[in-house]
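Student: Each residue of the sequence shown is one higher than the last, beginning at 1 in this note's numbering.
Please keep in mind that the hints were generated in silico from the structure rather than gathered at the bench. Cβ coordinates follow ideal geometry from the N, Cα and C atoms, glycine included. Take the hints with a grain of salt, since some may be wrong.
Computed beta-carbon distance windows for the label pairs [claimed, not checked]: (1) C65 with V41: 29 to 39 Å; (2) Y81 with T61: 44 to 54 Å; (3) Q82 with N43: 51 to 61 Å; (4) C65 with L44: 29 to 39 Å; (5) S50 with C70: 22 to 32 Å.
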Amino acid sequence: MSEDTTPSISGSKSSCELTPTVEYLNQLELEIEAYKVAASVDNLTGILRSISALTLDCLETYRNCICKTCDTIDSDIKLMYQ
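Please put together the full structure from these sequences, using the hints given.
Tutor: This is the structure in structure tokens:
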């Protein structure tokens with residue numbers, strides 16, 4: 001009676017156990033997409049930091065240029081009236 005101890009593969013229960021469910025596959029796909037989004041956000045954060053640093057450098061250069069121009073004009077006016 002207990003000579004055949006190997007499980008049968010022909011039943012519907014065994015085929016369900018061997019194939020992943022749709023929910024599981026959807027969850028895996030969702031996790032993969034979430035990792036892609038996270039990587040994209042990290043990349044975007046780096047780009048935005050670079051752009052912010054470049055903008056700051058440009059504003060500082062502009063400010064320095066305006067200050068030097070004002071100082072030059074001020075000294076030229078003072079020289080005119082000496």
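Student: Confirm or reject the claim that Q82 and N43 have a C-beta distance inside 51 to 61 Å.
Tutor: 59 Å, holds
Student: Lying within 29 to 39 Å: is that true of the beta-carbon distance C65 to L44?
Tutor: Taking Cβ atoms as reference, C65 and L44 lie about 31 Å apart, which means the hint holds.
Student: Just to be sure I understand the hint, the distance between the Cβ atoms of C65 and V41 should be within 29 to 39 Å; is that true here?
Tutor: 36 Å, holds
Student: That 44 to 54 Å hint for Y81 and T61 (C-beta), does it hold up?
Tutor: With a Cβ separation near 31 Å, Y81 and T61 fall outside 44 to 54 Å, so the hint is violated.
Student: Could you see if the CB distance from S50 to C70 stays within 22 to 32 Å?
Tutor: 31 Å, holds
Comparing the model with each numbered hint stated earlier shows that hint 2 is the single one that does not hold.
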